[in-house]
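Engineer: Read off the chains here:
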Amino acid sequence: VQQTYIPALSTRQLNAYELPYELPKAEAGSLPADAARMVTDVLAATGWSARTLADVIGTTHPTVRALLRGHFAAMPRNRDYQRRLKATYEIISRIFTLAGRDVGRTNTALRDQGRGPSAVDYLVQDRPNDAYLAAIRSLRPPPQDRLIIGSRPLSPQGRTTDPFDDE
Amino acid sequence: LPKLYDRGWRQGTLLRAELEAHGWVVGDGDQPRVDPLQHGLWIVVTQDCDLNSLDEADDVTSVELRPVFEENPPQTLGIRSRMLKLMPGMPYYLQAQSRREMISPAGLVKLTKDREKLLDDVRLTALKTWLGKRYDRPAVPDGFVPLAKAIATAMKGHRHDRILDGVRDVLVQFADGDTIRVSMFAVVTDEANKDEVERLLAEIAQDIPAELGIVDDIAVGTSAEVSLKVIEDSFAVDATDITWRGEAPRGALQ
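Listed in order, the protein sequences are those of chains U and R.
For reference, each letter of the first sequence is one residue, going 1 to 167 in this note's numbering.
For reference, each letter of the second sequence is one residue, going 1001 to 1254 in this note's numbering.
Here chain U stands alone, though its shape is the one from the complex (with noise of 0.2 angstroms):
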């Protein structure tokens, strides 16, 4: 409802033609059977809990239940819920095949305080680049070295001059 957008409140007019009211779009990505995937993955993945996600994302456990039955919940405590969902699906998923699939790991990888907050840490606070961020960091520690020398050269058979690599 406090999503609703009612163009007269904003125009002070009313057009006889259309609704007066518009009603939230709903977002690719953010449709029940989506949310109940994701969170069907991201609970595999780390062996959370329904509360423990809904700490993460910051709702409550009976919202992260309903989303699991591909209902939305009708009063989360948090309405931003879906977007934090998807955000933390996007990292968990990709932690997880880095980790070679293995919940543990995936668990070590996500709650490293080693370097600082952990990645659940960020993810509570709702900052999902520096949740990446530490948990690629606990997986792969960045070596100590200051200058950045990589791991990963060519292969030879990748290499060529111009003009074949404009082609």
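The set of hints was computed from the structure by calculation and includes no laboratory data.
Treat each hint with caution, since some may be false.
Derived pair list, reagent style DSBU-like, types lysine-lysine, alpha-carbon separation capped at 35 angstroms [what the hints assert, rightly or not]:
hint : chain 1 : residue 1 : chain 2 : residue 2
1    : U       : LYS86     : R       : LYS1149
2    : R       : LYS1156   : U       : LYS86
3    : R       : LYS1003   : R       : LYS1156
Coverage of chain U stretches by chain R, computed from C-beta distances (three or more under 8 angstroms per stretch; other residues unrestricted) [what the hints assert, rightly or not]:
hint : region
4    : 38-49
5    : 99-112
6    : 145-151
Note that the structure is a prediction, hence the values are computed from the model and not measured.
Idealized CB from N, CA, C, for every residue including glycine.
Starting from the known structure of chain U, arrange chain R on it as the hints suggest.
Structural biologist: Chain R in isolation, oriented as in the chain U frame:
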């Protein structure tokens, strides 16, 4: 006789002069013909040591100019990308595939209407690096092309982000496997906020479809902190493409 250098000409001097650069094409009649290009804004790329040896009255075509473009400038400053943005906050940039113009010192002096020393020392170094590196770039192997295309697309989505003003270039390396893993490096100016750039790269990483590849390494450093090895061994990303001109990257062997 005074040398061009004595008269204030330097590598990186921007000048206005209506010059005609020529290229050869095969036209409708299937006959090779000259294709002239009229252009008004140029930059001197001849090195200072050569400018210091050229008399201003010499009339041998010995000074190299590159056309400077202003429309649709790249977002990153560029080290190895096909375009080099000359200065942050200004639209001027060079294109690798543009025509070159050779002009004599006498012609340069006579035809130039206006000139200015645009580049500071840092950007002049960037110009030198770009001129040197353009011809030793790696090409993306076929197997990585969809991923490279996705990275370019993800970068494009952030092309208006002001954080990119402090980014000289973004470089990537790939590791093959069941899941392709990606290292992303940003080379930034000394003034850039590295934490912000790191977060931006992390955001871009999440925009890349995971089935194509996953970024597992992000590093940001100034030119003093990024090794020549990374510069030589990485693919260059800019806000519009990865080492290719055109709409999308294509395989090296296509």
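Engineer: Is the Cα-Cα distance between LYS1003 of chain R and LYS1156 of chain R 35 angstroms or less?
Structural biologist: It is violated: about 45 angstroms lies between the C-alpha atoms, which goes past 35 angstroms.
Engineer: Is the listed coverage of the region 99-112 of chain U by chain R valid when you require three or more residues with a beta carbon under 8 angstroms from a beta carbon of that chain?
Structural biologist: With 0 residues close enough to chain R, the hint is violated.
Engineer: Is the coverage entry for the region 38-49 of chain U by chain R consistent with the three-residue Cβ rule at 8 angstroms?
Structural biologist: Coverage by chain R is violated for the region 38-49 of chain U (0 residues, Cβ < 8 angstroms).
Engineer: Would you mind confirming whether the straight-line C-alpha gap from LYS86 of chain U to LYS1149 of chain R stays at or under 35 angstroms?
Structural biologist: Within the cut-off at roughly 23 angstroms; holds.
Engineer: Hint check: LYS1156 of chain R vs LYS86 of chain U, CA-CA at most 35 angstroms. Holds or violated?
Structural biologist: holds, 22 angstroms
Engineer: Between the region 145-151 of chain U and chain R, see if three or more residues pass the 8 angstroms beta-carbon test, and mark the coverage as holds or violated.
Structural biologist: Per the Cβ count (6), the hint holds.
When the structure is compared with the earlier hints, violations turn up for hints 3, 4 and 5 and for no others.
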